[in-house]
Structures are given as C-alpha cells and as structure tokens.
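Q: Take the sequences, apply the hints, and build the full model.
So the protein sequences, as listed, match chains V and D.
Each residue of the first sequence is one higher than the one before, counting from 0 in numbering that gives the first Met the number 0.
Each residue of the second sequence is one higher than the one before, counting from 0 in numbering that gives the first Met the number 0.
Just so you know, the hints here were simulated from the structure itself, not pulled from any lab data.
Cβ atoms here follow ideal geometry from the backbone N, Cα and C, with glycine treated the same way.
Quick list of in silico lysine-lysine cross-link-like pairs, BS3-like style, CA-CA up to 27 Å:
| no. | chain 1 | residue 1 | chain 2 | residue 2 |
| --- | --- | --- | --- | --- |
| 1 | V | Lys382 | D | Lys91 |
| 2 | V | Lys555 | V | Lys503 |
| 3 | D | Lys5 | V | Lys555 |
| 4 | D | Lys5 | V | Lys382 |
| 5 | D | Lys5 | V | Lys541 |
| 6 | D | Lys191 | V | Lys83 |
| 7 | V | Lys496 | D | Lys1 |
| 8 | D | Lys5 | V | Lys496 |
| 9 | D | Lys1 | V | Lys382 |
| 10 | V | Lys180 | D | Lys196 |
| 11 | D | Lys1 | V | Lys503 |
| 12 | D | Lys191 | V | Lys180 |
Stretch-level coverage of chain V by chain D, calculated; a stretch enters the list once three of its residues show a Cβ under 8 Å from a Cβ in chain D:
| no. | segment |
| --- | --- |
| 13 | 151-161 |
| 14 | 491-503 |
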Amino acid sequence: MELNAKIPPGPLKDKWSFYKDHAKLVNPANRKKLEVIVVGTGLAGSAAAASLAEMGYKVKSFCFQDSARRAHSVAAQGGVNAAKNYKNDGDSVYRMFYDTIKGGDFRSREANVYRLAECSAQLIDQAVAQGVPFGREYGGYLNNRSFGGVQVSRTFYARGQTGQQLLLGAYQALMRQAAAKTVTLYTRHEMLDLVLVDGKARGIIVRNLDTGEIERHTANTVILATGGFGKIYYLSTLAMGCNASAIWRAHKKGAFMACPSWTQVHPTSLPQSGDYQSKLTLMSESLRNDGRIWVPLKPEEKRKPNDIPEDERDYYLERRYPAFGNLAPRDISSRAAKERIDAGFGVGPQLNAVYLDFSKAIKEQGKEKIKEKYGNLFAMYRKITDTDAYSEPMMISPAAHFSMGGLWVDYELMTTIPGLFALGEANFADHGANRLGANSLLQACVDGYFVAPYTVSNYLAGEIHAEKPDAEAQEFIDAEIGVRAHLGKLLAINGTKTADHYHKTLGKLLYDYCGLSRSKDGLLYAIDEIKKLREDFYEQLKVPGTEEEMNGELEKAGRISDYLEVAELMCQDALTREESCGAHFREEYQTPEGEALRNDEAFCFVSAWQWQGEDKEERLVPEPLHFENVELTVRSYK
Amino acid sequence: MKINLKIWRQTDAGSPGRLVDYELDHVIPHMSFLEMMDTLNEQLILSGDRPVEFDHDCREGICGQCGMMINGRAHGPIPHLTTCQLHMREFKDGDTIYVEPFRGKGFPVKRDLRVDRSAFDRIIMAGGFISVNTGQAPEANGIPVSHEHAESAFDSAACIGCGACVATCKNSSAALFTSAKIAHLAKLPQGKIESRKRVLSMVEQMDIEAFGHCTNTEACEVECPQDISVLNIARMNWEYTLSKVLK
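A: Written out as structure tokens, the structure reads:
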C-alpha cells in the first residue's frame, strides 16, 4: 500500500483555500441524519464535537474522565502561538510556518504545517469570542510573550493556565451543544475497540467505567482525539489516565502508526524524588524567559546553590547556544541537561536535576513583576517541594511529555482507515521530530475547530446514501466478543504483580533505551526485554475484582497491555531510523560537538507502520517528504 | 512514618458505607497523599482485597478530578490546595487520618471515595457559555478588554470544578462554583450580552440539582484550590436581582 497524503495542488499559501473551495458539502437537511463519534474531549475532541454539532451533525462525545472539562489539555500552562504580529516584531504566517518546520527538524509536511500557521490567527479570535481571558495590556489589547525556539513574541497566554482556559472555552461550546441535544455526552466511557464494516470505520465498542457495561455505538465516521501517550514512560508530565489504547486498537484494525518513537522530553519538569513517585510535575517553559539554567562547574558539588559563586557556575545553554541561550528548543535543552547530569554535574538529593535561577531577573525587574508573570508556578513549586524559588533556584529535570508520533494521517487528518480521523496529539502531522512550545494547544484547536469541519464533511458527503450502520452487524458482535475476551484474560491471570509494577518497569526501560538518547545495542536489548516483560505480564499480573463493576485496576491493566505492544514498536521505529533528528537522538549519529546529525539523503521520510498480526514484526511504509518551499538546513541555535 | 487510616468504603450508591481501618508503614514525608493511597492500594491488591477507588488524573492540581475529605476538611489541612498536591510531610508519624468522599446531596457516592459530580456539567449546560459558533468570531483585538477586567475575569474563570466548595459547605451549596462562571462571563464584554438570561437559568439548574442555599459562611473560599473569592457569590446575587427586577 502506497501512502497518499492528498496534498492539494497549487502554491503552498493557496493549498488550504483550494481545499476548502473544492471540498464536498453536505446539505443542512442531510446533516442531522449523519452520526459522528468523537472520542476524547480535550481541545481537539471538544472543538471538533462542538463545531460539527453546530453545523447540524448528530454527535456522540466520549471521554474516560468524569467530566469533559478534565481532559489533559487542561494542564498546558504556557500559551498558544498565533501569527497575529501584534508586537510588530516581524512575525508572519510564513515565518511561523518556517519556525515550526525547522523546529521539527524538517520531518513534517510543508502543506500541513503551513495550514497550522495560517489558521492560528483565527483561533485567537474564536477563543476570545468564547470568553477566554487572555492576558491583556493596559490599553485593553491582547498581550504576547516569547517562547522557546523562536525569536518573535507570538504566544498568547492566560497566566499559567492557558490550556485550562482554552479547554473551558471548548468545553463550554460542547456543553452548549449538549444542552441543544445535538451532542450526546458519554463521560466515564472508555473506547476499547474500533469497528470496521466493509473496510470503513463504523463505530466503537466502549466500556462504561462506572458500571462495567460494554456498549456498541454506531456512526458514519469516527474521530479519535485521544491525546498523547507519553505516560508510557510511567513517570511523565501526563495525567495518570492518558493512554494509547484507542489509537493502538485502531492501529490493530488497520490504521498506520507514524513515528511512534518521537517523544518530546520536556526540559523543565520537577525531578523524581523516589520510587513511589507517580508523576513528574511540569513547570511551564515560559519560566525560561526569565530563568537562567545552570549546574555547578565542579562535579558532586556539596554547597547550596546560593553559596556557589558566579564564576563557579556553568550556564551551559548560554555557553553552548549563545544565540538562543536559555530559550533553546526543548529537545536541545533536554539533551544538554542530560549531558550535564550524566557527566556528574547534576544537583539535588538524587543528582538528577539542574538549577533554574531567577535571581538575575528578580534583581533587574523586581520580585513583584516576576510574581505577576509566574506567581502561580512559584506557588505550585512551593506546594510540591516546600521551597521558595524567589530566594533560591528551582531544581528541574527532563521528563517525558509530548508524543509527536501517533496515527498517520493525510492532509484531511484521515487515517489509513476510510472514515477514521485522528486529531490533535493523537495524530502525527504537524510537529515533525520536535514540537515547538505553545504549538500543541494550537494544533489541537486548529484540527478541531478549523480543519475537521471541512474534511469530515467532505467525507460525510459520500455517506449520505450509505447504508445506516447497524449495531447488530456481525462486525460489532465480533468486536464485542474480542473486547470481553481480552478483559476476561486479564482478570483470569491472577498472578502476583500489580499493573503498576509492569508500567514502572516498562517506563524505566524506555527512559533508559528509547528516551533522550538511543543506540542500536540499547534498542535491541530493550525490544528483547519488552518481549519478556509482556510474557511475564500475561503470567503474573494480578487484577482484583470483576469486569462487571467499577474497576480502576482493570482499566490500568488494559492500558498497560497496549503499552507493552506500543513500546516494542517505538523501539523498532527508533532502531530503523539511522539518523538523529529532533527528539530522536541516535548516539551513533552525532557531530564531534555532540549535536544531532540528520541524514536527509536516506531518512527524509515519515515512518508509517502497518500492523501485521500478533507477534509479527510490523511493516515499515515510508512516506517521502518533499520540500519545495524551504531549504533543508542544519538546525543551529548557536 | 507509620500512618493509621480510616477510609470510607462503600460498594455503590445504593449500599451503606462505613469507615475501615488500615495501617500503613514506611510512609515517606515527600510522598504525595495520592501516592500514599497508591501504596495502600498496592498492598490491598497483593493481599487479595479490593483497592480503594478514588478520583484523580492530572496530579498537578488543575484537572479538578481528585478530591477527598481528609480529617473533615475538603482536600485536607492546607487551604487552597488540591488533594493531589497535599504531601505526607503535613502529617506526623503515628497520625490517624480520616478519609471520606466529597459529600453532598448533589454529589451521590459512586463507590468508596468517588462521587458523581455531573450536576456541575448540567449547571454549565444551563448557560455557562457564550453563544458563539465556530467561524463567527470577529478579530480578537476588536473586543478590547481592560487589563483589570481581564485579570478579574481570569480570577473567576480559574475554577477547576473540583467540588470542594460543595463538600465543605454545611448546606452543600454550589454557589461558589456557579457564581464563578457567571461572574467570569459577565465581567467580559463578549459575555455581557447573555448575562441576564444566563444567571437565571444557571441558578435555576443549581436548585434543581439539590444543592443547598448559600448562607454566607464563606467556608468555600477557604478550601477552594484556586482561591475563588466569595465576592463572586455577591456578584451572582446582584446579577440575579438585576435580572429578576428588570425582566
């Protein structure tokens, strides 16, 4: 099977207009006959569900949380990018496109990235109209700040809660449609399988997490907006419930996975403090606008940070990347931190952190100004660590964060399964091998508000005369039997180890061998270990209770059973990409100075993976990337 | 540290519940409260017991999913903090901790410490939004909002919907939650247009959901993780009166 990205013809800047001008439309009278399933209620899911319902489609919205408002988009702190050029500092759609494609180390499609930048301005308009309280200047106009990896101020923010405020806007739009009965909400429902009829996505099997009931839901199209799977590393910045199950089960039904190993490791998280730890809390990257990152010049330094004189500190980002300094992109900053920590210069009780120091900014701008900018982050830091970051530096450490990889989608955000769309972090599309700060909220919103309404309609135009999906069809019966069998299998093992045990073991393996730096030997070792761990899982797992009740452990076990398969594909993906690009750093491919060495001759493609069956190696289908508008350069932030 | 726990166990909404005693050794002060609960559950699972069901997700104080009454206080002893951000260093070796669900007539217990907070969704459905479709929005800077108004609207909008206000209120009133949304939208020019209709329908829904009335004890403000001010309730009452009188 050849992959067709369905890029519209014409010059880059006209492609999206061309698409919109030629996309098929559905008559308003027909829309209410067409059903849409949206899984996930984060920014992409809520935005798509609300927008499609506003158009008149019948929408069913699913989430595993107890309210749509709790999806993990809520946790994004720093901001959302848009090429408004309100600061008159030279920003434009093209420049934002270029920053994004360069930031992604030239491993994404030009047309998709351009559309992201093109629709960015519209998103700010939409969010403001919804009542999102973005930061304002004293004249009443919107304010911006700069963010890692770019030299203009294009980031809009709502204090340190931009994700929450954007999500509340989308959630409220969704609730408005629920009140209008154009959306039916299914909270505390988890998708456990995708159902295909005649090769097209026709519905899903879900489990009601409060009662354990298994339900079948039919639709004319299925949209997955189920977010990222960085939680596969166990210790991550993600919520406990974030998972890969929806996209993985769709993958096993034929949707290709693209570049699953490309995981962004965020440079400014709080370090791990012990084995009991369940999550790594993220401190917004916006802190790097005023904070300076350093480690002591002497290894295993025993003095307190404030007692270490200026000339015995190594501001390694400023030293290595003078042009960008502390604002170097995330992949570069994280790797530079790991390099110092591995070399023995780490700080903190576990020697696994670096300092983020605000003393200079406080001296120059005053404590009040810093408090106004980052007050809630400093308060959060204090709550968790019991330390006052106004008087001594924060300690930060890299943590698994964002999945650039996900379901392969074409320009329409459709997967390789007709009628199955993937939006937001669940897809691989716009970020290439590394995502720029404040582009994640943007991508989720643009996919949901501005892309899906056109592309999903274009697909649904062909569904008007299609046979109405039937929940009693054999395909639905078989899928339900499969789901029940898997749950039964997990419960029947009755071994001696908890689901968390496997998750933690897997997470550590991935951090060590498929994290910030990867090598052939390490990946081969990890693949072997993951296989063993998976065998052990099906022999020694213990899940209490039954499937016919609320059972949090059963939910976890199901997600981990998928993670144990995703992890192997991640390693396979990393192993076959014999170059370093963005977040993917292969130790064998680096410059003498330790910078990533990309290989455009051999690896200028997206690795899409096709499932071949249980215990069979997946097939790699490359989608070549063509660059007609930008020159592939070495990404230098020096 | 050694910690004694008395945890509310209840199979489902229809069954009676009771406090059950547990002992936990080797609790580390740096653990979060929920990590302490994870440790307990690990023990329970391995000894063949049913683990304690509790709500949680982001574990960084923003999703609003977690919430327990800890020693009789919503989210525990520290004001303006979610349960997930509470750490065991706030307790002493040998302490006994009572852990109960967020109670309230509008929040039926689903199992153990999990409660049904869907009433909050229905209050928002009643009018907690601005009626704008995708595509209708004008240029963002076409709606200037003064810095003070934007900041004040943010203060109200910061609510995470955890329900601590209801749980801590002796009347189980949802006034703080409801008023925060009413105030957030009423303070902005784009939300002002629907404010009269909004306040009436949201307050009506709040009453339908069996939440009690506000008697101005201000307990909610003390526990609110986002420090939402009771002045929002005053604002709601003002908006309500305005809407009733000018109807």
